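**Q** In the order they appear, the protein sequences are chains A and B.
Each residue of the first sequence is one higher than the last, beginning at 188 in this note's numbering.
Each residue of the second sequence is one higher than the last, beginning at 188 in this note's numbering.
Hints were generated in silico from the structure; no laboratory data involved.
Fair warning: there could be bad hints in the mix.
Since the list gives no way to pick one copy over another, a pair counts as held whenever it fits inside one copy or between any two copies.
Stated by the list, open to error - With a cut-off of at most 30 angstroms between alpha-carbon atoms, the simulated BS3-like pairs for lysine-lysine come out as follows:
{"no.": "1", "residue 1": "Lys-480", "residue 2": "Lys-762"}
{"no.": "2", "residue 1": "Lys-811", "residue 2": "Lys-370"}
{"no.": "3", "residue 1": "Lys-372", "residue 2": "Lys-762"}
{"no.": "4", "residue 1": "Lys-370", "residue 2": "Lys-842"}
{"no.": "5", "residue 1": "Lys-372", "residue 2": "Lys-811"}
{"no.": "6", "residue 1": "Lys-480", "residue 2": "Lys-811"}
What you are looking at is a predicted structure, and each value in this text was computed from that prediction instead of being measured.
There are 2 protein chains.
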Amino acid sequence: MADTDALVIFTPSGRRGRFPLGTPVLTAARQLGVDLDSVCGGRGICSKCQVQPSFGAFPKHGVTVAEDALSDKNAVEHRYDEKRGLKPGRRLGCQAVVQGDIVIDVPPESQVHKQVVRKAADARPITMDAATRLVMVEVEEPDMHNPTGDAERLQAALATQWGLQNVTIPLPLLADLQGILRKGKWQVTAAVYDDHTDAAPRLLALWPGLFEGPLYGLAVDVGSTTIAAHLCDLNDGHVVASSGIMNPQIRFGEDLMSRVSYAMLNPGGDAEMTSAVREALNDLVTAVAVEAKVDPAQIVESTFVCNPVMHHLLLGFDPIELGQAPFALVTSDAVSLTAPDLGLSALPAQARAYVLPCIAGHVGADAAAVALSEAPHKSDDLVLVVDVGTNAEILLGNKARVLACSSPTGPAFEGAQISSGQRAAPGAIERLEINPDTKEPRFRVIGCDLWSDEDGFDLATATTGITGICGSGIIEAVAEMRMAGLLDPSGLIGSAEQTGTQRCQPDGRTHEYVIHDATPEGGARITVTQGDIRAIQLAKSALYAGARLLMDEFGVDSVDRVVLAGAFGAHISPKHAMVLGMIPDAPLDHVTSAGNAAGTGARIALCNRAARAEVEQLVRQIDKVETAIEPRFQEHFVAANALPHATDPFPELAKVAPLPQVSFNTGGENTGRRRRRRG
Amino acid sequence: MADTDALVIFTPSGRRGRFPLGTPVLTAARQLGVDLDSVCGGRGICSKCQVQPSFGAFPKHGVTVAEDALSDKNAVEHRYDEKRGLKPGRRLGCQAVVQGDIVIDVPPESQVHKQVVRKAADARPITMDAATRLVMVEVEEPDMHNPTGDAERLQAALATQWGLQNVTIPLPLLADLQGILRKGKWQVTAAVYDDHTDAAPRLLALWPGLFEGPLYGLAVDVGSTTIAAHLCDLNDGHVVASSGIMNPQIRFGEDLMSRVSYAMLNPGGDAEMTSAVREALNDLVTAVAVEAKVDPAQIVESTFVCNPVMHHLLLGFDPIELGQAPFALVTSDAVSLTAPDLGLSALPAQARAYVLPCIAGHVGADAAAVALSEAPHKSDDLVLVVDVGTNAEILLGNKARVLACSSPTGPAFEGAQISSGQRAAPGAIERLEINPDTKEPRFRVIGCDLWSDEDGFDLATATTGITGICGSGIIEAVAEMRMAGLLDPSGLIGSAEQTGTQRCQPDGRTHEYVIHDATPEGGARITVTQGDIRAIQLAKSALYAGARLLMDEFGVDSVDRVVLAGAFGAHISPKHAMVLGMIPDAPLDHVTSAGNAAGTGARIALCNRAARAEVEQLVRQIDKVETAIEPRFQEHFVAANALPHATDPFPELAKVAPLPQVSFNTGGENTGRRRRRRG
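With the rest of the complex left out, here is chain A:
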């Protein structure tokens, strides 16, 4: 047996098998199902199948590998080595043939299904398995005696050489086909899209000869306020460029409900908003491609996450049904279409767009993406995932069950409707501490790493000035005021007399806390007013009530851990969030930030087609809780108005941040609830 075949062992997979002497390594890998890449299909020109043979004794594998276990480099390998350079020890898997027992390592860059490590330490890595791949084929030339179309011969080549059956060729590619085949002398590289569904694979692009790529995909998070796009290499998943712009729909309304109202009140208003967001997306695509120096023709896929209203406006659906019970979506399923269907003229006409499914009329594809990214359905312990934005999406669950709802927090958490509030931009206060003894604040502004009481702060912020307070700043400010005893549990700001600091000044019938006053120098006066406190209370009550509603539904009074998601979530300190009672009490080290989890979900769906099947199944399994029609939501909302809460105990919080027992209520202020809006 040793005379005619040999044992081939692949690492790291450990797959092994006996093959006749003379078998190319690539062939052996394919037959064993080893994950070894190849674009050219074994023609020795793409070099994607590089492997690293090992020689010597391998007691672990029970083999000894002789020096001549692989064939010597042949002419093809030498030529490749001279032209492009092979790393020492590396061989082309399609050229090197087995001559004896051998151990062959497949380096990560030669694997199709690479692992993409995510930033968050506890996050699952993304396994690369993009829907679109590059394959080179040799197409039979036409034969008058056996006439078939060039398209049919290309399809046959894809089937026999790559196992891609019945590849659909869109009309515009058919029109270009003959020229490309002849230019490539019947060798062409095809970008074939083969997704997670039963649909036939689809040709997305065709290049004459060998085209090595890479192909790119775009993961887009269409938020009410900002649109963020990540351009990813579909080969290894790395983000080559990211860019964000304001959602131009803001001119039609700051929050979602005001945009729905705009559509209701203005015939054609939905179409206007659709055009606006699509135009912005085209600008964004162009910007991100320019930044990454990528030819847009190589961007062949895109994924989109968004809340239901953005989802409808992106797809060109009138959102008015989302403005009223029963909040019926046009479609809750994932939508798979071409870039032109979405008006994305900046992408190639054949590029694909995949819009993730929605969970419900108020819980959109963004929440589905968060679920995909944070995977509560795979969690052993009970996890609460809160995606804080203009609207908050909340997930609660574990392996047994996952619940979801959305809660109308409004834009206060983003610094809107706050007297000194502003968007996160240089000059905005983003961190704040109040000395509990002196009641004096110190803060940091965006664009400067120094605290306000450190040397050089004034100089460093001279250009930007200190202009206002952003979303994370206002949360810290309110929480610090509560911890410093400037604010009582009901949310009342004390007077200078009650608090012992002149920074608490009268403001009509209530008080405000002065953080910074540069009016003598012509600068800004930045305060936290009683109105600001009320706005934050409304927002956090909505958030907490949503979470509490899910906990009721789940039948629990506490959760094992909390994940803060959303671009904004990354900036909230868990302690401050808990002091405000934004989230239920939990050990602080069990409260983590997932960053832009929705965007990560979009990226996962871009890089791994199985993840699309997963999220499509997941949204069906998630139990939706509709806050708008749930009477208990209102009860929870009222109870959550206090800081941190009127009735729920916060034992874990008490361990790390005992809150002063103060009360400033002298009957002078109306503490009643205000009207709140979804948005």
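With chain A fixed as given, assemble chain B onto it according to the hints.
**A** Only chain B this time, still in chain A's reference frame:
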């Protein structure tokens, strides 16, 4: 048993079964697989399920039907009868319930799979089975507690109420969905396209409430010279309007090769020609819809047949590869797309277009359609099908094997390149007889039923005049000249002396035959020149050589029958065609005309989706013979120059039209062959 169930017998199918008393007739029909229509799904509003119960003794079926074997008309039926009228004896199948043994006739108009009788007596009827059907569904209203999209609930309704699984809803219909569902109060009628492939069914249109249709389809024959469209009712297949226009591509070249040359010599020339034909198609669609008073929104399907060059120019493919060996098609498979893909803005955006498959680079979808219509593959005897146009498509075969080729006859058969030739239009001579004794002609012109020697002819033709000679006229003229001894077998026209008639007059070194001379009155002088004879000889030689080549390939010297197809084929008399040697010798009563068989094939593919599968399989099975590279074609071509033929005997022709043995060759005329062109 008789107490609880009853025997239900349906005619004409003869299907029978026992059903519990109280079973609606429609339910019984469905369970037995009886072909009984319904759009509303049994709601008693569409009336498509009308049936005719019979009462009394039926010894043939072994039952006696009591008067009360069906329930009395219920309120729904009475209401329908009052509002719309039910024919006497008719019942609504969904309302009438079985109360005893019953015999129920399903009248033709209540059958889905109606038979459409074709004009030609020996043609198979078309069985209606259009890809698109109307179905009414009741969609569940949205429920906040179980949120799904309106689209998903529509899909569920289509699946549960009609067995239509996973219906795809295109984006523009998604955008309209919510409005239509609410307008129809959750009852809507869907046009669902479910073709012969594995592809998921597809929503083409949606109407609120009950929409009774009908839906229409367009069968289009895109010829080099003319484009013809038939608008068909997809319910019963009848042609509601037909219209034809000139192919505007004529301005880029009369024949196919000159259009290919135009594309070769003019960058963008192919796109110009594509725009031209698409524009013309839009005009044609509009015209035919106006003529039939049909809302274009109801035209949901279309089928197209055309030769390969037209096929490419219609689909937007550059045809230059078709101008040179190996004549590679972009695609030979059928192409299924949307109307906008073909630039058909006159059709609804979701309307489907199905372009039949091509057989080879010279044998197009028109020939495939002829094969579908004339079905040589289903013929017991050996049939030669000749589709005569600017290019001739020829099929030869029987159940065992079918061969196909095309032959470059040129436009002579259509009256082009003929000295007095003109297109078929009022004033054109279309029929002609020559008295063998007097050598005097009599003729008929288009627009007048009288012969030229009949009383009133001059008056009847005063308006149009006698302006020229059309395709069928020139064939009759040449054949009559041969039969009258004015033309010898080599094709030479005799002199006045040789023929004994002054109508044979000198024309340079040759002669011409004067049919009509109105020059004294300022009218036309219509003659057949020696050059005309040569043009006809070239055309008919090409046609015969193609047929003969197929016969060689088949290994036969004669065929059992000949079918003349093509719009022009309908006007050629078999005897005259055989005198010219256009077709092989055969008993004259075995030579029939199939009319526009390509157009009929398009209509069959429109009305019956299984026919699409059939033609797609058929084109793969047909053996293609490429005349351009076959040396024997040239030999056959030369031998076929004589009238009827230099060597092949025409015994059947001799029985009915013995040809005078004359010879006018005095060595004065060059009888050499001329250059011929494909086209």
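**Q** For every hint, state whether the structure bears it out.
**A** Quick rundown of the hints versus the structure:
1. Lys-480 x Lys-762: Result: close neither inside a copy nor across copies, 42 angstroms intra and 73 angstroms inter.
2. Lys-811 x Lys-370: Between copies only: 28 angstroms across chains, 55 angstroms inside a chain, cut-off 30 angstroms.
3. Lys-372 x Lys-762: neither (65 angstroms within a copy, 52 angstroms between copies)
4. Lys-370 x Lys-842: Result: close neither inside a copy nor across copies, 73 angstroms intra and 59 angstroms inter.
5. Lys-372 x Lys-811: Only across copies: Lys-372 and Lys-811 sit 26 angstroms apart there, 56 angstroms inside one copy, limit 30 angstroms.
6. Lys-480 x Lys-811: neither (43 angstroms within a copy, 50 angstroms between copies)
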